[in-house]
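**Q** Sequence:
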Amino acid sequence: MARFWWGATQNQRRIHWRAWRGLCASKFEGGLGFREFGYFNQALLAKVAWRILQEPNSLLARIYCAQYSFGSDFLSISAWGFASWGWRSILFGRDLLLQGLRWQVGAGDTIRAFSDPLIPSSPPTVPKLKSGSIPPPPIYVSALIDRGTKLWNLRALELFFSPDSIAAIQFPLSFRPVPDRVIWHYETSGDFTVKSAYHLAFSLLDSPVRKLGASLWIDQFGSGFGAGFFL
Numbered sequence: 715m716a717r718f719w720w721g722a723t724q725n726q727r728r729i730h731w732r733a734w735r736g737l738c739a740s741k742f743e744g745g746l747g748f749r750e751f752g753y754f755n756q757a758l759l760a761k762v763a764w765r766i767l768q769e770p771n772s773l774l775a776r777i778y779c780a781q782y783s784f785g786s787d788f789l790s791i792s793a794w795g796f797a798s799w800g801w802r803s804i805l806f807g808r809d810l811l812l813q814g815l816r817w818q819v820g821a822g823d824t825i826r827a828f829s830d831p832l833i834p835s836s837p838p839t840v841p842k843l844k845s846g847s848i849p850p851p852p853i854y855v856s857a858l859i860d861r862g863t864k865l866w867n868l869r870a871l872e873l874f875f876s877p878d879s880i881a882a883i884q885f886p887l888s889f890r891p892v893p894d895r896v897i898w899h900y901e902t903s904g905d906f907t908v909k910s911a912y913h914l915a916f917s918l919l920d921s922p923v924r925k926l927g928a929s930l931w932i933d934q935f936g937s938g939f940g941a942g943f944f945l
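Take any residue in the sequence shown, count from 1 to its spot, add 714: that is its number in the numbering used here.
Treat the hints loosely; a few may be bogus.
[Claimed, not checked] No farther apart than 25 Å at their CA atoms in a straight line, the calculated lysine-lysine pairs in the DSS-like style are these: (1) LYS909 with LYS761; (2) LYS864 with LYS844; (3) LYS864 with LYS842.
[As the list claims (entries may be wrong)] Derived CB-CB ranges, DEER-like: (4) SER798 with PRO770: 15 to 25 Å; (5) LEU773 with VAL840: 29 to 39 Å; (6) PRO893 with PRO837: 21 to 31 Å; (7) GLU872 with ARG749: 41 to 51 Å; (8) LEU868 with LEU773: 26 to 36 Å; (9) SER798 with LYS844: 36 to 46 Å; (10) THR839 with PRO893: 15 to 25 Å.
Hints are computed from structural coordinates only; laboratory data are not their basis.
Everything numeric in this text was worked out from a predicted model, so none of it was measured.
All C-beta atoms in this analysis are idealised placements derived from N, C-alpha and C, irrespective of residue type, glycine included.
All chains, full assembly: derive it from the sequences and hints.
**A** Rendered as structure tokens:
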């Protein structure tokens, strides 16, 4: 594909009509919709990370987490120096997954109010403390909800958060006793898809996430890491 657009020979030089990033853009954005394999590979690895997150009792999750996590949270663990190539690659996918994860508030008993992304923005964000405030001790979102009315406790919100965050937080809550859950923000169903993850990865071209580890999925022979091995 690249040779067609930019290839050259000893006797002929071709015109570079457009940058590869432009060709990989969607047709809606004026591109040709080509897939950039690096981003697509990371999206596939993010699917593996999503499976570990959603199915912690699966064989894959139990093997890797027993070997590397030592009881730590899968979403926050770092790669150890002796970690295998496979585990490092999964964490590379996990880093993309983190860009699109959001908490869906139920009872609020498991969501940390000052550190977990719960605002439904793109990307999902953590509520900001109000200007000049001293960082308060950690609390859970349940402390910000009126148990009787199932509405946000405005007085509690005003005690901690900035006006913009307060406005963004006050989305409707369920009146039924439902548990908190982690969802994928970029699908209305809340379920992860490789397609939406790929588009997110492509949009993060210049971010630290993209620069984090190209070497994590390219081996010494230049081939992409076999994400399909885990699927």
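**Q** Given a hinted range of 29 to 39 Å, is it respected by the beta-carbon distance of LEU773 and VAL840?
**A** Since the Cβ atoms of LEU773 and VAL840 sit about 33 Å apart, the hinted range of 29 to 39 Å holds.
**Q** Against the range 41 to 51 Å, how does the distance between the Cβ atoms of GLU872 and ARG749 compare: consistent or not?
**A** holds (47 Å)
**Q** Given the hint of 21 to 31 Å, is the C-beta distance from PRO893 to PRO837 inside that range or not?
**A** holds (23 Å)
**Q** Taken at face value, is the distance from the CA of LYS844 to the CA of LYS864 at most 25 Å?
**A** holds (24 Å)
**Q** Quick check: does the Cβ-Cβ distance between SER798 and PRO770 fall within 15 to 25 Å?
**A** holds (19 Å)
**Q** Is the straight-line distance between the alpha-carbon of LYS864 and that of LYS842 25 Å or less?
**A** holds (22 Å)
**Q** With respect to the beta-carbon atoms only, verify the hint that SER798 and LYS844 lie 36 to 46 Å apart.
**A** holds (44 Å)
**Q** Looking only at beta-carbon atoms, does the pair LEU868, LEU773 fall within the given range of 26 to 36 Å?
**A** With Cβ atoms ~47 Å apart, the hint is violated.
**Q** Within 15 to 25 Å: is that where the Cβ-Cβ distance between THR839 and PRO893 falls?
**A** 22 Å Cβ-Cβ, so the 15 to 25 Å window holds.
**Q** Would the hint linking LYS909 and LYS761 be met if the CA-CA limit is 25 Å?
**A** holds (10 Å)
Checked against the numbered hints given earlier, the structure breaks only hint 8 and satisfies all the rest.
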